[in-house]
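In order, the protein sequence lines correspond to chains A and B. Numbering-wise (the working numbering), the first sequence opens with residue 397 and increments by one. Numbering-wise (the working numbering), the second sequence opens with residue 234 and increments by one.
Because the hints were derived from the structure by calculation, they are not lab data. Watch out, some of these pointers could steer you wrong.
Subject to a maximum C-alpha distance of 27 Å in a straight line, what follows is the list of computed DSS-like cross-link-like pairs (lysine-lysine) [as the list claims (entries may be wrong)]: (1) Lys-323/B - Lys-381/B; (2) Lys-471/B - Lys-630/A; (3) Lys-623/A - Lys-577/B; (4) Lys-573/B - Lys-288/B; (5) Lys-616/A - Lys-573/B; (6) Lys-542/A - Lys-590/A; (7) Lys-573/B - Lys-542/A; (8) Lys-585/A - Lys-573/B; (9) Lys-266/B - Lys-247/B; (10) Lys-630/A - Lys-364/B; (11) Lys-667/A - Lys-630/A; (12) Lys-408/A - Lys-323/B; (13) Lys-398/B - Lys-471/B; (14) Lys-630/A - Lys-585/A; (15) Lys-398/B - Lys-460/B; (16) Lys-407/A - Lys-532/A; (17) Lys-247/B - Lys-481/A; (18) Lys-577/B - Lys-616/A; (19) Lys-623/A - Lys-573/B.
Simulated coverage check for chain B against chain A, where a stretch passes if three residues somewhere in it have a Cβ under 8 Å from a Cβ of chain A [as the list claims (entries may be wrong)]: (20) 408-414; (21) 554-566.
Since the structure is predicted, the reported quantities are computational estimates derived from the model, not experimental observations. The beta carbon of each residue, even a glycine, is placed where N, CA and C say it ideally should be.
Residue-level listing of the chains:
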Amino acid sequence: MRYAFLDEEAKKEIRRSILKAIAIPGYIVSFASRELPVARGWGTGGLQVTLAIINEEDNLKVIDQGCDGSVNAVNIRNFISSVTKVNTTTSTTDATIIQTRHRIPEIHLEENQTLVFQVPMPDILETVEPNISKAKLLHANADYSKLWVLLYEDTSQFGDSRISNRYPVMVNNRYAMDPSPIPKYDTPKLNNCKALQIFGAGREKKIYAIPPYTNVVPLKFEDREFKVESFENKVCSRCGSTHSFLDEVYDDNGDIHYYCNDTDFCDTNLKSKENK
Amino acid sequence: MAYYAIKGGEEAIKNSLHFYDEVTSSANDIEDKNLIEGLTFSIDKVISEGSLYSKKLAAKAIKRSAGDLLNASFFLRAHRSSCQRIGIAKEIDVNDMRLSRRISSAFKDIEGGQLLGPSNDYEIKLLLDLKNKDVDIEEYSNEDNVIKSALTPLRNDNLIKVLPKEDETWDITRNYPNAPYPRSAVLQVMSRGESGSLLCIGYTTMRGYGDIHPTIGDLRIGELDIKFTHPFTKNEVKIGSVEVTSVECVGTFNQDENGDTKLTTGFGFCFGKNETKAISMSMIDLSLYNSHYSVGGEHIVAADFDMIMHHLDGIESFGMTNHFKLPHYVTFQTDYQIFKSAQKYVEENENGEGK
Numbered sequence: 397m398r399y400a401f402l403d404e405e406a407k408k409e410i411r412r413s414i415l416k417a418i419a420i421p422g423y424i425v426s427f428a429s430r431e432l433p434v435a436r437g438w439g440t441g442g443l444q445v446t447l448a449i450i451n452e453e454d455n456l457k458v459i460d461q462g463c464d465g466s467v468n469a470v471n472i473r474n475f476i477s478s479v480t481k482v483n484t485t486t487s488t489t490d491a492t493i494i495q496t497r498h499r500i501p502e503i504h505l506e507e508n509q510t511l512v513f514q515v516p517m518p519d520i521l522e523t524v525e526p527n528i529s530k531a532k533l534l535h536a537n538a539d540y541s542k543l544w545v546l547l548y549e550d551t552s553q554f555g556d557s558r559i560s561n562r563y564p565v566m567v568n569n570r571y572a573m574d575p576s577p578i579p580k581y582d583t584p585k586l587n588n589c590k591a592l593q594i595f596g597a598g599r600e601k602k603i604y605a606i607p608p609y610t611n612v613v614p615l616k617f618e619d620r621e622f623k624v625e626s627f628e629n630k631v632c633s634r635c636g637s638t639h640s641f642l643d644e645v646y647d648d649n650g651d652i653h654y655y656c657n658d659t660d661f662c663d664t665n666l667k668s669k670e671n672k
Numbered sequence: 234m235a236y237y238a239i240k241g242g243e244e245a246i247k248n249s250l251h252f253y254d255e256v257t258s259s260a261n262d263i264e265d266k267n268l269i270e271g272l273t274f275s276i277d278k279v280i281s282e283g284s285l286y287s288k289k290l291a292a293k294a295i296k297r298s299a300g301d302l303l304n305a306s307f308f309l310r311a312h313r314s315s316c317q318r319i320g321i322a323k324e325i326d327v328n329d330m331r332l333s334r335r336i337s338s339a340f341k342d343i344e345g346g347q348l349l350g351p352s353n354d355y356e357i358k359l360l361l362d363l364k365n366k367d368v369d370i371e372e373y374s375n376e377d378n379v380i381k382s383a384l385t386p387l388r389n390d391n392l393i394k395v396l397p398k399e400d401e402t403w404d405i406t407r408n409y410p411n412a413p414y415p416r417s418a419v420l421q422v423m424s425r426g427e428s429g430s431l432l433c434i435g436y437t438t439m440r441g442y443g444d445i446h447p448t449i450g451d452l453r454i455g456e457l458d459i460k461f462t463h464p465f466t467k468n469e470v471k472i473g474s475v476e477v478t479s480v481e482c483v484g485t486f487n488q489d490e491n492g493d494t495k496l497t498t499g500f501g502f503c504f505g506k507n508e509t510k511a512i513s514m515s516m517i518d519l520s521l522y523n524s525h526y527s528v529g530g531e532h533i534v535a536a537d538f539d540m541i542m543h544h545l546d547g548i549e550s551f552g553m554t555n556h557f558k559l560p561h562y563v564t565f566q567t568d569y570q571i572f573k574s575a576q577k578y579v580e581e582n583e584n585g586e587g588k
């Protein structure tokens, strides 16, 4: 098998698209998007980005819904390591490339790290303008009025936007961007992040990026604060964390327990407590 | 402890795969030859949608996916991504096909005649073993039937609308276009699109979402030589042949940009024997590029380029549909919180109004 599975032309094309994406923060770049041995919609965009940028010195971490051990994460990690022989890790701090589905790690990222998102819908305008040609024109004119109208209608009916995940963000004061289906909780982490963030959508054949230290703000009316999921008064039953995104888990008796969604964060937290 | 239940884990995958192999192991007993020759239409569907012409790999893929043909095409597509391209073959012309089947329903009499070839179109579909008894059967001819398209005379008389030729053929596997999409890219998307999707969208044009009742001008199945310029000798060499289906259908007429009255045609082309797919493709091609020739409305599904470019691919749509099987608890957790606060907001507001 060829190093990193993809043929050299494909890797070259993806790298060029990534460079263009970094140069224009939040702008959607088209690429050919090859088929992979993993189904479309299961992370083929993130995979292509990872396969195109990875080398022998990298330390790879793959998470899905906050967890290194979930089936999709395991599958993707096994596939990448089988075609590259890179070291893999579950530790956020040790990783140089983190491929993620729908979460940004709780532990802050650093300059030498790249966060690769798997993206199902790359264009935030898709909800309000399914016609791609028209949406492209709206982006070109920075015309996001349809998104504002949606936000206004929701706010007047329900007090806030009904969008819970993949909340629209403005990148570098220019492009409205889909941040992949991360919870609102993770949205502020996109802003001024030290790590490079690359977004890959395989089925939709698009790549976009947020370079390090870029201004990213959620789309919001001036007189409304941006509210994220609240886990007030709730504590992780495992590590005792009070400031992380929690999963609600029902046990066999029907009782609700809360656990950190980010399993590496939970493990690290637990370990540092035991050491004290 | 419930916490561990949310981790899928490597063990679970291994067990599941092992179970799958055990349940479908009989597929391995089928000889490739039986699949390739006996279940030839399955093979042809897979090479067409997998867009990789290898009947042998298709047979392997069908066995690996236990007869799930879309899944089998997916194996071929994935394999294709690891193949380095060595060059681009010469343009082919469907008029050069060595035909095994060729029909035209537009004309009573055509040059070269109708060639039914192997077909069960006229078979009564009963699950009974009724053998054709005592029938005198014509010997199959061994001659190379190379016959020009039945529409050639109309074309020579300048009666058919000609679409402008592109300077360079697009290649959707190396470069995916943005709208407006070049026709070569649109045809490629259709050629490797899912047969059922093409049939569905093609069918809409005959049921009110369009007014197309095309006539099959020329439907042909046969072999085409693939020629290639040798990188060292620069000579043209034949590197193999492929079996393909090609359809030209004829639609309605209208005045073109120059005011000349012209007939419209649509083109369908794919690997293997896939008549329904090629016919559907030709109808959609006709509908896309001639929607203003339509007597009825122009704004129909089969005349919408985005609809065609992004919804025909079976491997993409089935992958996306199946991704719903992956865990979504983060998404749901956050949906649920938004729902609860919206519910609270609405209740409070209603109470407020009541007072």
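- Against the structure, test the hints numbered earlier, and report the numbers of the ones violated in rising order. Of the numbered hints given earlier, those the structure breaks are 2, 4, 6, 9 and 10, listed in rising order.
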